[in-house]
Structures are given as structure tokens and as C-alpha cells.
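Enquirer: Below, each chain spelled out in residue letters.
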Amino acid sequence: MADEPKAKIQGLPVLKVTPPEQIPDTGLQLEADVVIIGSGAAGAVTAYELSRSGAKVVVLEAGPHIPSAEFREHTPTAFETLYQDHGNQVNTTGDMAIFQGRCVGGSTVVNAAACFRVPNQVLRNWAEEHSLENLSPEALGPYFERVERNLSVHQNEPHEVNYNGRLLIEGAKKVGIPAAPVSRNIKDCALTAHCLSGCKTDRKQSMLVTYLPWASELGATILSGTRAEKLEVSNRRVTAVVAVATDASGRQKPVRVRAGLVVVAAGAVQTPLLFQRNKIGNSSGQVGLNFACHPSLAVYGEHDKDIYAWVGATMTSCAGDFENPLKGGYLLEAGMIGPVSTSVGLDGGLGSDFVEFMENSKKFQSAVTLIHDHNVGRVYLDGDRKRIEYDLDDRDFESMREALRGTARIYFAAGARRVYLPTTRRTTIETADQVDSVINSLKNGKHMYRLTSYHPQGTMRMGADPAKSVVGPDGLCHDLDNVYVPDASLFPSSLLVNPQITVYTMASYISAQILARG
Amino acid sequence: MIQSAAGRRVKYKLYRRTFTKLSVLSGASVLVLPACASDDSVAPTGSVTLTSDERELLERFADVYLPTDGTSLKPRGEVPVVDNIEHALSLMDAPTRDQVRIGLKLFNYGSILIGLHFVRFVGLSRENRLAYIRRWEDGIEMQRGISTVLKKLVCYGYWKDVEAGRAIGYQGPVSEPAGVVSLGNAPMPHTSG
Chain D
5 MADEPKAKIQ
15 GLPVLKVTPP
25 EQIPDTGLQL
35 EADVVIIGSG
45 AAGAVTAYEL
55 SRSGAKVVVL
65 EAGPHIPSAE
75 FREHTPTAFE
85 TLYQDHGNQV
95 NTTGDMAIFQ
105 GRCVGGSTVV
115 NAAACFRVPN
125 QVLRNWAEEH
135 SLENLSPEAL
145 GPYFERVERN
155 LSVHQNEPHE
165 VNYNGRLLIE
175 GAKKVGIPAA
185 PVSRNIKDCA
195 LTAHCLSGCK
205 TDRKQSMLVT
215 YLPWASELGA
225 TILSGTRAEK
235 LEVSNRRVTA
245 VVAVATDASG
255 RQKPVRVRAG
265 LVVVAAGAVQ
275 TPLLFQRNKI
285 GNSSGQVGLN
295 FACHPSLAVY
305 GEHDKDIYAW
315 VGATMTSCAG
325 DFENPLKGGY
335 LLEAGMIGPV
345 STSVGLDGGL
355 GSDFVEFMEN
365 SKKFQSAVTL
375 IHDHNVGRVY
385 LDGDRKRIEY
395 DLDDRDFESM
405 REALRGTARI
415 YFAAGARRVY
425 LPTTRRTTIE
435 TADQVDSVIN
445 SLKNGKHMYR
455 LTSYHPQGTM
465 RMGADPAKSV
475 VGPDGLCHDL
485 DNVYVPDASL
495 FPSSLLVNPQ
505 ITVYTMASYI
515 SAQILARG
Chain Y
966 MIQSAAGRRV
976 KYKLYRRTFT
986 KLSVLSGASV
996 LVLPACASDD
1006 SVAPTGSVTL
1016 TSDERELLER
1026 FADVYLPTDG
1036 TSLKPRGEVP
1046 VVDNIEHALS
1056 LMDAPTRDQV
1066 RIGLKLFNYG
1076 SILIGLHFVR
1086 FVGLSRENRL
1096 AYIRRWEDGI
1106 EMQRGISTVL
1116 KKLVCYGYWK
1126 DVEAGRAIGY
1136 QGPVSEPAGV
1146 VSLGNAPMPH
1156 TSG
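Protein chains in written order, with the working numbering: chain D, 5 to 522; chain Y, 966 to 1158.
Among the hints, a few may not be true.
[What the hints assert, rightly or not] Pairs of lysine-lysine, BS3-like flavour, derived with a Cα cap of 27 Å:
| # | chain 1 | residue 1 | chain 2 | residue 2 |
| --- | --- | --- | --- | --- |
| 1 | Y | Lys1039 | D | Lys366 |
| 2 | Y | Lys1070 | D | Lys450 |
| 3 | D | Lys367 | Y | Lys1039 |
| 4 | D | Lys331 | D | Lys60 |
| 5 | D | Lys331 | D | Lys234 |
[Stated by the list, open to error] Under 8 Å between C-beta atoms, here's a sample of chain Y residues computed to sit facing chain D:
| # | residue |
| --- | --- |
| 6 | Glu1024 |
| 7 | Thr1113 |
| 8 | Ile1133 |
| 9 | Val1145 |
Derived by calculation from the structure, the hints in this document are not laboratory data.
Here a beta-carbon is modelled for each residue, glycine too, at the ideal position from N, C-alpha and C.
Taking the hints into account, I'd like the entire structure generated from these sequences.
Expert: Here you go:
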């Protein structure tokens, strides 16, 4: 289905997606050189790079294809239609929302467009701890440059930094914390602040408007609503992927793709689950382990004047020593979305307190914190139910407190008269003098904070040692001769920064390894 | 009814034990909205109808949590808060939804279990309902989780309404009202390397 008539009119690449409704009831049998599971950051880049080499590529996407013209710029509707589990994905404890896109284009459709390269310190650690000397900043540099060029990545210009973003930079400078406008993959941003609901006017350079239409133009076949379930294995090779396409009426149709090469790019939750369901690739026992996710907290600073943090670009500026994640560095990102997120992001109190909190929300300075968390979680199947076991580690809680301290200091320096912390029960800091005492009194525990994660990673660890990792330095599974994993699940440790550009880059790098292998 | 401090301590211990048991019985206690933990293959089971008890609980909770009368907020009575919550629950897989519903029941009947009151939450005075929620906010893990679920459900149900957002200065959808046009798909890149 070619559903982008505007692209045809303009002579631009057209994204053709086959929905389940167009698959015969008897099912579909396909032959390809490569079958790719997942159409998000990793799957889309791999699909394009391999199609460009002349390979016949089939992409299987479990989520629906929702063209941008149908985006509503309404957060609840976006959760219900574009996100994994309709926005209901949480950790096993139930105190952290884990957001992932579940649609053609994956999380790239619903992210905030923030672009950071993985800090060099993290790459050095990967080399030292996991023998990944091949992933040096110098080696990856050309791949970063290429995806950044392809996706129009640029640092926000002055008009793309709203008042909220400027306040973060000004406050950070006053307290000696580095700060700058963020870089984003966006062209002529319309400043609607609706990135997380999908960019209706195709300014965000997500996979939906870039690598997927490019792959499609080169002949890749893309099936939506088609969920890979079984990997047929023979002699260390996956010979076919068996999937189920489910149409709007719930009718299920079998899809089988035979291919010489299999790329699993379903993300850090679904990729390990697929391996576990098929009981493959796990001689190391590491499949599903080492889950990390950048647990994130929203912090608001109330000012006397109106800020309207939700007007303008979704993400505008950042602060923190994020080049040094291994030394406790953290990242603060200025941004705010609609009232649903504002009201659930932290506890504004009860009754009249809560009403006043929401009435004053246009006066809020807003940012979220990111930390370099340890890989303490795991993803596994409990019967037919997925579990994402992850609780904030005490070491990471210290990083979290440091991030909260930094945020509160910045807010007061910027002129805030009160800071709201993201605890289960309303907690405020009324003066700059109270910052340390209030934050030092916070304790780690379950259901204590309003945690959110946008960056699942780490469950298919990359490394040179097959006894300690699932995927080798070139992205090939240690246990299988024709299965590659290019998504965020291969990161041996968390990045601290938003991972999308690093995922695109790793997928480009791994595509090059695949092509070099022949 | 006035109780002795010692009597309250005994009842509180009993209440804690009861809730700990219930927590174990209800599995991993995925009691926060969003609160789904199914594998992809477990699809939502379709529409759900809240019971009258559940609707009353949500209404009474919203009544003290988000009192819009006399404020600049859109009157809560003009927003289908509970219907919106019902829709949100219909998008959860059945096991998760069941856990949420158990949580609602625990919250409602907890006022009896705790021994401080002899009526359900919905029967408490406004003042006592507020005090009750505060105790749950500071309670054991499961109480904190359930009270947070209720707050998130009400927030979701209320702020889903676009006009409710406009009342606090939120702009809502932008592109169509402002006539922002699509740029379409990006041209093929000219990279060679």
C-alpha cells in the first residue's frame, strides 16, 4: 500500500507498506536475501543499507502503519495507537513506565528527536571491559557523520530554543554546570511540541520519512501488523522466519519468509523475548540479562511569570557533565509535553493543592533527568507474559539524587520560587538553601518515585567473549552463523544520552560488516 | 469512634499483614497505570465495563483529588473522566486489568480492613477521604502503588479532554489549526560511502 500520495506528488520516495488486510487468508510465502524483524531505528537503517547493495529485503513489523497525516497531536491518542502496549508497558514492580514505539518506524516516530553521540568514555569502557576495540570514536566517526547528514541533524538554532530552554541554559551557567542547545534530527521544525505524538508534518526525520521510504524505493518489502514468532533453525542457521499477520478484525494469517540472512532488530525488549521463545542463541546465558533503561524523572520549577514550556520545540536544551557518565555525570533535558504528562509526571498534591499545581503549570520550568544506570535488569518470559524486571539500583539512586540536586540548583538560579520533585507524595523545595537537605532525605525504594524510561537497552550484550556475551563485535550472534542484532539491545552498558543516533550508527556499521562478509 | 493508640497499632499490624498477603496473592503487583506487562502475543480482550462500585470509587476519588468547582479548570462534570478510564482499561490485557481492578477494590475496602473506619472509602466524608489517601501515599509499597494508580487514572481520564488542557493554557493540536503543511518524505540521500 502506497499511502503517501504527497510524496508521489512531490516526486519524493514513497513508503509502500503491506498491511495484514492485503495478505490473503491463506497466508504468504516469501523468499528473500535478508529478512529483518523490526522497522525502528536499527531495522530501517539495515533495510536501506542492504537494499542499497542490491539485496532483496523483507521487513516484518509487528505494529501498525499509521501515516503521519493520521497523527492527532494528542498525547493520549498517541499512547493508545503508536506505543507498545498502548503506552501501558511497565517494569514488573509497576513503578516505571517504559515507553517504546510500536508502529512502522518504531520509537523513532515518537521520540523527542534528541541526538547525542555515545560519549567517548563509554566507548573506551566497552573496549576495556568487552574487548570492543573496533568501536573506537575514530572507527565510528564516519558512520556517525553519515547518519547525521542523512537525517538533517543540527544543533537547535536560537528560534528553536524556547523560554524554558533558555532558562535551563541561563540557570546552569550561573551554577557552573555546562549547558547548550540540543541537536535534533529535524528539518524546518514547526515548533508544535508534538514530537512524542508523532510529527504530523514530517519535519522530524524519523524512519517513517527517511530510511524506510528509501529502502522501499529500492525494492524492500515492508509488512505491517506482522509479528515474527518462530525462527526455524538448522545447523546454526535460521532458515526461515514464521510470523503472524493480524488484521483489524483479528483474523490471523501465516507469513513465512525464507532468507539467507536474518536481522533481529525488534528492540531491547522484544529481541531477547524472540530468542527466548525460540530457545536459541543463549549458550552464554546472557539473553535478556543486563537490561538498562536510563530511568528518568521529571522536575518542575515554578516561576512567577508564564513560561509555557510546552510551546515550541519538544526538546530544546540540555545541561550536565554528560561526557563523563562513568564519573557520575548526568544529563538534564529541557522539555515539557501536554497536561496528561504534566499531571502524571510527578505528584502535584491532593485537592486544592493539585488544582493550583495544574493551574500554575504554564509557569513551570521543566526538564527530565537521565543517568548512566547499571545493567541490573532482565527481560524474560513468564509463561506467555513478558516481564521487565528492573528496580533502581542504590548506586544509580545516588546518581539520580545528584541529577535532582543539579536540576534544583539550576531552577533556583534561573529564578524559580519553588521546585517540585517527582516523588509518590508531593515534595517541594521552597528555597535554594533547602536543596541539599530535602534531596539528601530522599530514599530509594519501590513506588517512591514517578519513574519513566524511554531508552531500553542492553539485553543482547555485544562482546568478544562468547561466554559473556550474545553478539560478537560485528553484530553476528555467537551461536548462529547468519543472525545479526543491530539494535539497542547490544549495548554492553547504558549510554546516558539518548540512544537513537548511536543505534543508527551501529546499524550502519553492522550493515557494513554484513556486506564485507559477503 | 475513638480508639486507643495501642488498639490502632494492633489493627495496623494486622492490616499490614493482610496487605502483604494480598500483594503476594496478586503476583507481581503491576499496579500502576500504565500497568500492562503482557507479551505482545497477549492482546487486549476488548471493551470492558466498569462495575457501579468501581465507577463510584473513581468518582469519589476524583471528587477529592481534583475538585474543579470554583476554579479555572473545566468542570469535571463536563468531562467523561470515568468513561475515559474505562476505555484505558479496555486497552490493557486481561491479567493486568484484573490486577488493577483488585487494586481498586483493596483501596475501597481498605478503610474497613484498616479498622479506622467502618465504611468503604466511598462512604467516608470528604475530609476523611483526603486523610485516607494521604495515609496510602505514605503507606507500604502496595498502598503507594495503588494510590498512584488511582491518581494516574483520574489524570488520564480528565486531561485526555482537549478543552480541559486549554483551560490551563495548553494549546492542544497545532498543525491543522495553524495550516502547517507536510514536508513529505525526505529525498534519497546522495551518500556514496
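Enquirer: Could you run down the list of hints and mark each one as holding or not?
Expert: Hints versus structure:
1. Y/Lys1039 with D/Lys366: holds, 16 Å
2. Y/Lys1070 with D/Lys450: holds, 21 Å
3. D/Lys367 with Y/Lys1039: The hint holds at about 19 Å.
4. D/Lys331 with D/Lys60: violated, 45 Å
5. D/Lys331 with D/Lys234: With Cα atoms ~42 Å apart, D/Lys331 and D/Lys234 exceed 27 Å; violated.
6. Glu1024: With Cβ-Cβ at 15 Å, over 8 Å, it is violated.
7. Thr1113: Constraint on Y/Thr1113 satisfied, holds at 6 Å.
8. Ile1133: Status holds, d = 6 Å.
9. Val1145: holds, 5 Å
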